[in-house]
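Novice: Since chain A is already given, all that's left is putting chain B on it; use the hints.
Each chain is listed here by its residues.
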Amino acid sequence: MMDLIPQFVIDLWSSLPPTIQYLTIVTWKILFVMIGVILVVAFSTYFERKVIGSMQSRVGPNRVGPLGLGQPFADVIKLLCKEVIIPAQSNRFLFIIAPLLSLTPALAAWAVIPMNATFVIADINAGLLYVLALTSVGVYGVILAGWATNSKYAFLGAMRSAAQIVAYEIAMGFALVGVLMAGGSLNIGDIIEAQSGGFSNWFLVPLFPLFLVYWISGVAETNRAPFDVAEGESEIVAGYHVEYSGVAFAIFFLAEYANMVLISALTAIFFFGGWASPFEGWTFLGEDALLRQGSFVWLFAKICFFMYTFFWLRATFPRYRYDQIMRLGWKVFIPVTIIWIAVESVMAWMQVGPSSGLAG
Amino acid sequence: MIFEAILFYMFATVMIGAALGVVFSRNPVHSVMFLVLTFFQSACLWLMAEAEFLAIVLVLVYVGAVMVLFLFVIMMLEVNVEAVKRGLTRYAPLAIAFALVLVVELIQLIWLRSQDIQVWSSFIPNPEGYNNTEALGAVLYTEHVYAFEIAAVILLLAIVAAITLTMRKRPGLKVQNISKQVAVRAKDRIRIVKMDAEKKS
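These protein sequence lines map, in sequence, to chains A and B. 12 is the number of the first residue of the first sequence in the working numbering; add one for each residue after it. 51 is the number of the first residue of the second sequence in the working numbering; add one for each residue after it.
These are computed hints drawn from the structure, not numbers from a lab. Here the structure is a predicted model, which means the values were calculated and not measured. Quick reminder that beta carbons are idealized off the backbone N, C-alpha and C, glycines included. One thing to keep in mind: the hints can contain errors.
In silico lysine-lysine, DSBU-like type, Cα no more than 30 Å apart, as pairs [unchecked claim]:
| id | chain 1 | residue 1 | chain 2 | residue 2 |
| --- | --- | --- | --- | --- |
| 1 | B | Lys244 | A | Lys342 |
| 2 | A | Lys163 | B | Lys230 |
| 3 | B | Lys237 | B | Lys224 |
| 4 | B | Lys244 | B | Lys230 |
| 5 | B | Lys230 | B | Lys219 |
| 6 | A | Lys342 | B | Lys219 |
| 7 | A | Lys93 | A | Lys61 |
| 8 | A | Lys93 | A | Lys163 |
| 9 | B | Lys224 | A | Lys342 |
| 10 | B | Lys224 | A | Lys163 |
| 11 | A | Lys61 | A | Lys89 |
| 12 | A | Lys163 | A | Lys89 |
Negatives, chain B to chain A, calculated, CB over 12 Å [as the list claims (entries may be wrong)]:
| id | residue |
| --- | --- |
| 13 | Phe61 |
| 14 | Val64 |
| 15 | Ala149 |
| 16 | Glu184 |
| 17 | Arg241 |
Now the in silico label distances, taken between C-beta atoms and shown as ranges [what the hints assert, rightly or not]:
| id | chain 1 | residue 1 | chain 2 | residue 2 | range |
| --- | --- | --- | --- | --- | --- |
| 18 | B | Ala55 | A | Arg338 | 51 to 57 Å |
| 19 | A | Lys163 | B | Gly71 | 24 to 30 Å |
| 20 | B | Ala55 | A | Phe295 | 55 to 61 Å |
| 21 | B | Gly67 | A | Ser65 | 51 to 57 Å |
| 22 | A | Val95 | B | Leu215 | 41 to 47 Å |
| 23 | A | Leu302 | B | Lys230 | 47 to 53 Å |
With the rest of the complex left out, here is chain A (with noise of 0.2 Å):
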């Protein structure tokens, strides 16, 4: 590999100052991960239609290019050909940052996330407080999308995904203080470090509802159906993002998907091993079995499962009530929450599961 880069270039690297060989380096990370999102996003449009497709007996795209295959890139285009209206009566600054506002979110907590165990843009002690942070963030680009907007259906669009996500984050909250104390660290590679050895081994297990919890609030943030009254279309049009054309709705939808990846991958990590291979404990395939080796792949297949859910359960479930939402996040998931962390306590305390070296 290192021969087939001539011998000028590497001196020429090596000549450069430290600080912008790191410059350069995390700049070719972050590019990576950036455009890596991206086109799984745009893949993920046309999995969401066929995958529905299919479960509605439909065929789904397969007019552009092999298999409908070039379906997301002929919508790219033709979003971004389309003209960009602003209403008369909006508030034009905020209305045209806000698509903005919910995207750089859901892009910029991809910085904590390893890929595989040496890749990761920044390996930060306080990862998980950081993706929470920022994923709690996103909420204003909806709201100040219907603020600004200045009409009443966006505006119910932004109350209602308000509410919500303020409900669920801390349902979500709670959650991931059940799988940092099971992990025993705030910092996203050793909570993996410490799931290692196999599915048995997986947060899964010994934090079952918690799981839940967290998987169905994700579904809850992410404005996706069966929770998806922002939007909401057969009641309030399109919810926050009606006045949106062209551009400013295709950031939009770029956002929602790049939150339902981000999403999926988190889940993927806190309680199903993230990068981890799950027959890691099968001794039996050999030392170096290709099974047992931990790598991007199963990070990735274990992403395009909960990508399959969210479009499982879209086709799945119908929309639910308000109220019954608020009652789902308020009312069940924060009393089993707390009570799991309990449970958990008590775990550590009598020593059994992945918290047991918390006693000490």
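Specialist: For chain B alone, kept in the frame of chain A given last:
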């Protein structure tokens, strides 16, 4: 060093500008957004002081939850900007007096501190392997555990008080009993009656 100083002054300038924006902007929603920016900038300053836990928790709690509720309330209210502006001029002397007292106190504090320790030109880097979260937890759960628990009880009390103050039972409200709805079976709702076919006369 010089890079850190540039960053510090940049964040500090934006923070002060945003704080002024909170007070002087005419639109209450803009004020809230300026306040969010102020919180972000102070989080950045804390990050520079290697207090990552505090910085991220500031964003998580204030930006992620408190300010969302603020926005929620402010958007629901029709705020009369003219009345607010009149209030600003009327309360300005009081506000300035408070601000002056605060400034004097801060200067005194800085002066007192600079007596016994030497003033650093920049943030002191922490030793290798320093974990802000761990350090904070070690202090909070040992030395200050009493104050910590009192704070927790006060917060719990506040939650209970807020719920009891706002909870009201309206009579005549039609609500579903969800567990009853879920538990319903077909045989509770319909009765199948067997009867012989009648002959046409």
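Novice: Does each hint hold? Answer for all of them.
Specialist: Each hint, compared with the structure:
1. Lys244(B) x Lys342(A): violated (45 Å)
2. Lys163(A) x Lys230(B): violated (35 Å)
3. Lys237(B) x Lys224(B): Measuring from Cα to Cα gives roughly 25 Å; hence the hint holds.
4. Lys244(B) x Lys230(B): Judged against 30 Å, a Cα distance of about 28 Å means the pair holds.
5. Lys230(B) x Lys219(B): Given pair Lys230(B), Lys219(B) holds - Cα atoms ~20 Å apart, limit 30 Å.
6. Lys342(A) x Lys219(B): Roughly 17 Å between the alpha carbons, so the hint for Lys342(A) and Lys219(B) holds.
7. Lys93(A) x Lys61(A): holds (25 Å)
8. Lys93(A) x Lys163(A): holds (25 Å)
9. Lys224(B) x Lys342(A): Holds - the C-alpha atoms of Lys342(A) and Lys224(B) are around 19 Å apart, at most 30 Å.
10. Lys224(B) x Lys163(A): Distance ~26 Å between Lys224(B) and Lys163(A) Cα, so the pair holds.
11. Lys61(A) x Lys89(A): holds (20 Å)
12. Lys163(A) x Lys89(A): holds (28 Å)
13. Phe61: Fine: 17 Å to the nearest Cβ keeps Phe61(B) off the interface.
14. Val64: With a cut-off of 12 Å, Val64(B) remains clear of chain A, as the shortest Cβ separation is near 16 Å.
15. Ala149: For Ala149(B), whose nearest Cβ neighbour in chain A is about 29 Å away, the distance exceeds 12 Å, so it holds.
16. Glu184: The claim is violated: Glu184(B) sits with its nearest Cβ about 8 Å from chain A, within 12 Å.
17. Arg241: holds (28 Å)
18. Ala55(B) x Arg338(A): 51 to 57 Å: holds (53 Å)
19. Lys163(A) x Gly71(B): 24 to 30 Å: The hinted range 24 to 30 Å holds for Lys163(A) and Gly71(B), with Cβ atoms some 28 Å apart.
20. Ala55(B) x Phe295(A): 55 to 61 Å: holds (60 Å)
21. Gly67(B) x Ser65(A): 51 to 57 Å: holds (54 Å)
22. Val95(A) x Leu215(B): 41 to 47 Å: Taking Cβ atoms as reference, Val95(A) and Leu215(B) lie about 46 Å apart, which means the hint holds.
23. Leu302(A) x Lys230(B): 47 to 53 Å: Since the Cβ atoms of Leu302(A) and Lys230(B) sit about 50 Å apart, the hinted range of 47 to 53 Å holds.
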